[in-house]
Amino acid sequence: MHIPDGFLSWTWPIYYVIMFVALYFSLRWARKNLDEKLIPLIAVLSAGIFAIMSMNMPIPFGTSGHMLGGALVAIVFLAPEAAVLVLFIVLLVQALFFGDGGITALGANVVNMGLIGGAVAYFSFRGLEKFTGKYPAAAIAAWLSLFIAAEVVAVEMWLAGTFPLDVGLASMGIYHAFIGVIEAILTVVVLIALDKLRPDLLAWNRKTSGGQKLEGSEEVAAK
Amino acid sequence: MNGIGSVRELEKETEKESILHLMDGRVKLILLIFIIVYAVFSTQIVVLAFLELYLLLLIYISQVSFKTSFKRILLLLPFGGFIIAFQPFIHPGDVIWTGIFGLQVTQQGLMWAVLLMSRLIVALTSIVLLSSISPMQEVAQSFRKLGMPRELAMIFSLMIRFLFMFYDELHRIMHAQKARCFDAFNKKIPYKWRMKQLGYTVAMMFLRAYEQGETIYMSMASRGFSDESNLYHDRKKKLGRTEYIYIGVTLLIVIGLQILAMTHFYELGVLGMNII
Chain V
1 MHIPDGFLSW
11 TWPIYYVIMF
21 VALYFSLRWA
31 RKNLDEKLIP
41 LIAVLSAGIF
51 AIMSMNMPIP
61 FGTSGHMLGG
71 ALVAIVFLAP
81 EAAVLVLFIV
91 LLVQALFFGD
101 GGITALGANV
111 VNMGLIGGAV
121 AYFSFRGLEK
131 FTGKYPAAAI
141 AAWLSLFIAA
151 EVVAVEMWLA
161 GTFPLDVGLA
171 SMGIYHAFIG
181 VIEAILTVVV
191 LIALDKLRPD
201 LLAWNRKTSG
211 GQKLEGSEEV
221 AAK
Chain R
1 MNGIGSVREL
11 EKETEKESIL
21 HLMDGRVKLI
31 LLIFIIVYAV
41 FSTQIVVLAF
51 LELYLLLLIY
61 ISQVSFKTSF
71 KRILLLLPFG
81 GFIIAFQPFI
91 HPGDVIWTGI
101 FGLQVTQQGL
111 MWAVLLMSRL
121 IVALTSIVLL
131 SSISPMQEVA
141 QSFRKLGMPR
151 ELAMIFSLMI
161 RFLFMFYDEL
171 HRIMHAQKAR
181 CFDAFNKKIP
191 YKWRMKQLGY
201 TVAMMFLRAY
211 EQGETIYMSM
221 ASRGFSDESN
231 LYHDRKKKLG
241 RTEYIYIGVT
251 LLIVIGLQIL
261 AMTHFYELGV
271 LGMNII
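Listed in order, the protein sequences are those of chains V and R. Just so it is clear: in the first sequence, position 159 is 159 by our numbering, and no numbers are missing. Just so it is clear: in the second sequence, position 273 is 273 by our numbering, and no numbers are missing.
Calculated from the structure, these hints are not laboratory results. Computed from a prediction, not measured in an experiment: that's the story for all the values here. Fair warning: there could be bad hints in the mix.
[Claimed, not checked] DSSO-like cross-link-like pairs, simulated, lysine-lysine; straight-line CA separation at most 30 Å:
{"hint": "1", "chain 1": "V", "residue 1": "Lys32", "chain 2": "V", "residue 2": "Lys130"}
{"hint": "2", "chain 1": "V", "residue 1": "Lys32", "chain 2": "R", "residue 2": "Lys145"}
{"hint": "3", "chain 1": "R", "residue 1": "Lys71", "chain 2": "V", "residue 2": "Lys196"}
{"hint": "4", "chain 1": "R", "residue 1": "Lys196", "chain 2": "V", "residue 2": "Lys130"}
{"hint": "5", "chain 1": "V", "residue 1": "Lys32", "chain 2": "V", "residue 2": "Lys196"}
{"hint": "6", "chain 1": "R", "residue 1": "Lys145", "chain 2": "R", "residue 2": "Lys196"}
{"hint": "7", "chain 1": "R", "residue 1": "Lys67", "chain 2": "R", "residue 2": "Lys12"}
{"hint": "8", "chain 1": "V", "residue 1": "Lys130", "chain 2": "V", "residue 2": "Lys196"}
{"hint": "9", "chain 1": "V", "residue 1": "Lys32", "chain 2": "V", "residue 2": "Lys134"}
{"hint": "10", "chain 1": "V", "residue 1": "Lys130", "chain 2": "R", "residue 2": "Lys192"}
{"hint": "11", "chain 1": "R", "residue 1": "Lys196", "chain 2": "V", "residue 2": "Lys134"}
{"hint": "12", "chain 1": "R", "residue 1": "Lys238", "chain 2": "R", "residue 2": "Lys16"}
{"hint": "13", "chain 1": "R", "residue 1": "Lys192", "chain 2": "V", "residue 2": "Lys196"}
{"hint": "14", "chain 1": "R", "residue 1": "Lys192", "chain 2": "R", "residue 2": "Lys178"}
{"hint": "15", "chain 1": "R", "residue 1": "Lys238", "chain 2": "V", "residue 2": "Lys196"}
{"hint": "16", "chain 1": "V", "residue 1": "Lys134", "chain 2": "R", "residue 2": "Lys192"}
[To be verified] Partial list, derived from the structure: chain V residues whose beta carbon lies under 10 Å from chain R:
{"hint": "17", "residue": "Ala47"}
{"hint": "18", "residue": "Ser54"}
{"hint": "19", "residue": "Ala95"}
{"hint": "20", "residue": "Phe123"}
{"hint": "21", "residue": "Thr162"}
{"hint": "22", "residue": "Pro164"}
Virtual Cβ for every residue (Gly too), placed ideally from N, Cα, C.
In isolation and in its complexed conformation, chain R is listed as follows (with noise of 0.2 Å):
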């Protein structure tokens, strides 16, 4: 998972102000998540890969930097990238590769793994660039706005103010084992002691947690707060000119290429093939 140091870098993006990053988080929010959806049920790669155009495009209008959006991206493939490397090989198909052990992979398995490949791939470039342009209150916000449930969208706005503070609670507690020459990896200090430390460590933060979120309900109780209170004061916002561009063309395109998908771009062969 990624550390806190990108996280705030990542609020650093949401603070610039081009177009997408003024549009309402409302739309941010649906067009992105419409976006993912269409692509986990995508069957052509090509269909992926304008999909991928459009959002690259849509990071050039952002003026977020592509250097970083392209290295978080890398970051976060090994996770389904670990998955997608065996496909190959356990498919059934026709072989087109037969290696040591008997390995063999299949021109189906192959397909396969370039298919989830891609919509990996656009799933993830979206959410680095929702992430980009939507600040994590926003988004909250947005949630509430969009019909969550009261509790869960104070839970979640809450969450996301606090997460700041127990990364920097546990970075303070790792500088200070480290300042001890602390290293869990170190394979010359017995294992249960390393476990036991770390044990303590998470119970200092865990204990500190429910601590902080009795002491957070005080002061909110001292303020008049009840389970009936309301955290949000929705400001009604209507949408602009520029949100329904938006709306239109990300639709526009999606209709395009799904009636494209359906009549044109089988021609195209290995890359128009329904991969199933």
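Pulled out of the complex, with its shape left as it was, chain V reads as follows (with noise of 0.2 Å):
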């Protein structure tokens, strides 16, 4: 889902804008809810995802992906911020170091993988948890959040003219919902034991979420 330099024509600096608007609003985010944790914290967990970024897994029918953990991020912190953050630092280093994803398509990898991808994550988690449960609504959330971000690249090719919409929908769309499988069940699996080990880490069970600053209440540390 990398897209790679030159393929994105004169559309690119367009992704870049919108990537330093929501740079911006992460920022501000991290700022009132992580206060002076933010450096380390962010700094460190994008070394991690970078990490597990790096593991082979094997999919269904033969194939092998990785995950992208945006989705893990934005349901672990409730924050769509928190993805957009973490993957821009990490696809940074990867366009930079690994040649992963272009520099000038590196606007273009944030906004779909950290901001849609985040978002997709978060607000169908929001929608989804009452009614299924957290477990089942975060499985739901992380494969919207690839399968849709992969849509979005093919719309993104179309519009720059490098791939036809219909070819590029459907090919994306059909890898990214295999490779989502190992997204989901991963996100889930990684959410569970978290709840299990460090409760407090996880935004849905501090008092309130999202807003709220990241030590864990003493309730939470007692279970």
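Put the complex together from the two separate chains, hints included.
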């Protein structure tokens, strides 16, 4: 899903503008909710997510893929802003040192995986958790975040004149529908493990979500 | 994505002491990003060919191994190569070949594919060169000096420091799994069970990352760190003669290529054709 350099023609500056706006609001959220903890926490989490993304996982029907982690970060913090921040740093390092995703395409990649991936995961999780329960909601949210982000890539390629819309939507959709299964399963397994081992880290266990600072409440710590 | 092994090799490459290695980090960063941006907007194959030649000359000057550089570029090509491979078949235009199942290759599609591939090769060569002549920390500091917001620059710098630690952590976990004969791709083991084990691995990585983040915050806070702290001591370094020569030559090449692109390259036929 990492768009390389040269594939977005003249459209890439538009995504840079969207990325900068998203980064501005994400930093504002981080200063408000994480204050001085922001820097070490986001930095180390980004390094962890970077390592997680390097793990190749088996996908049913023989192929393989890796986790993106945007949905996981958005659900753990209950904030899509966290996904934007973490994915921006991860994708910047990947583009600059690994050639994975382009420099000019960085804006589009952050918009797709961080902003759209994080926002879809957060809002679908919030919308579904009352009806399905937390874990099924997290699974659907993670799958949707990857699937929709992949379809947006197809639309961006079409807008740039690189790939026809119908073929792009079909091929990206089918491939990422399978990759999304991994994202869904792993997001749920990680959430279950975190809920057992460190429930205070999950924003849904705190009294008020999203707008609460990252110290766990006493009741949760005692759990 | 490349593994940590190649990152370690990269870090070794950055320790060399060529003229390019010793240059100011900002100059290296800006000029190579400038070449990528120019390549992305270029519509003539010949322009991209000259840019690639210039980059290969820079690789030679920087004493970076050609073999390693080509290997890295080849490893990175499949990401975009997959999309490029479809281009000759999906672009409308003059049909030059018809194959089985009515597959048709058009001349415009073929030219577009060659243009995309040329852009991709120039961009990847730039990245391979940049990452071979600039240590990661130098790039992080260059971003800060170029005006990246303080928080983002610090996150970027700290992230790089912990990157190696987490790769080691992941490798330790994977070695332990391998020592116990766990293979995530072994189809004889139920898929659900394999995913559960991988899930726990990811959970452990995430948890360790988070807890490490908290520990680091505590140790930084105990040494006086606050949200007003600045981790950088910007050493003001003036640009020297080599930096100005590098900037001048690169600008001259790009401006020269652009003038030739507008006035003479169309005479070269397919190579100088504007592909839009």
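Here is how each hint holds up against the structure:
Straight-line distance between C-alpha atoms of Lys32/V and Lys130/V comes to about 27 Å, which keeps the hinted pair within the 30 Å bound. For the hint linking Lys32/V to Lys145/R, the alpha-carbon distance of about 26 Å falls within 30 Å, and the restraint holds. For a cut-off of 30 Å, the pair hint linking Lys71/R to Lys196/V is broken: about 44 Å separates their Cα positions. In summary, the hint linking Lys196/R to Lys130/V is supported, as the alpha carbons are separated by about 26 Å, within the 30 Å threshold.
Among the hinted pairs, Lys32/V with Lys196/V is consistent with the structure: their alpha-carbon atoms are about 28 Å apart, no more than 30 Å. Pair hint Lys145/R plus Lys196/R does not hold up; C-alpha atoms about 45 Å apart against a cutoff of 30 Å. Pair hint Lys67/R plus Lys12/R holds up; C-alpha atoms about 15 Å apart against a cutoff of 30 Å. A distance of roughly 21 Å separates the Cα atoms of Lys130/V and Lys196/V; the hinted pair therefore holds under the 30 Å criterion.
Annotation: proposed proximity of Lys32/V to Lys134/V holds, straight-line Cα distance about 26 Å (limit 30 Å). Note on Lys130/V and Lys192/R: the hinted pairing holds, with a Cα-Cα distance of about 26 Å set against a maximum of 30 Å. Proximity of Lys196/R to Lys134/V is assessed by CA-CA distance (about 18 Å); at most 30 Å being required, the pair is judged to hold. A distance of roughly 22 Å separates the Cα atoms of Lys238/R and Lys16/R; the hinted pair therefore holds under the 30 Å criterion.
The suggested pairing of Lys192/R with Lys196/V holds, with an alpha-carbon distance near 20 Å, which does not exceed 30 Å. Using a Cα cut-off of 30 Å, the hinted pair Lys192/R and Lys178/R holds, with the two alpha carbons roughly 18 Å apart. Taking the CA atoms of Lys238/R and Lys196/V, the gap is near 54 Å; set against the 30 Å cutoff, the hint is violated. Taking the CA atoms of Lys134/V and Lys192/R, the gap is near 20 Å; set against the 30 Å cutoff, the hint holds.
Interface hint at Ala47/V: satisfied, since its Cβ lies 4 Å from the closest Cβ of chain R, which is below the 10 Å cut-off. Proximity of Ser54/V to chain R holds as hinted, the smallest CB-CB distance being about 5 Å (cut-off 10 Å). With 10 Å as the threshold, the beta carbon of Ala95/V comes within range of chain R, its nearest partner Cβ sitting at about 7 Å, so the hint holds. Checking Phe123/V against chain R: minimum C-beta separation of about 22 Å lies over 10 Å; hint violated.
A least Cβ separation of about 7 Å between Thr162/V and chain R falls short of the 10 Å threshold, and the interface hint therefore holds. Because the beta carbon of Pro164/V sits about 5 Å from the nearest beta carbon in chain R, less than 10 Å, this interface hint is met.
When each numbered hint is compared with the structure, violations occur for hints 3, 6, 15, 20.
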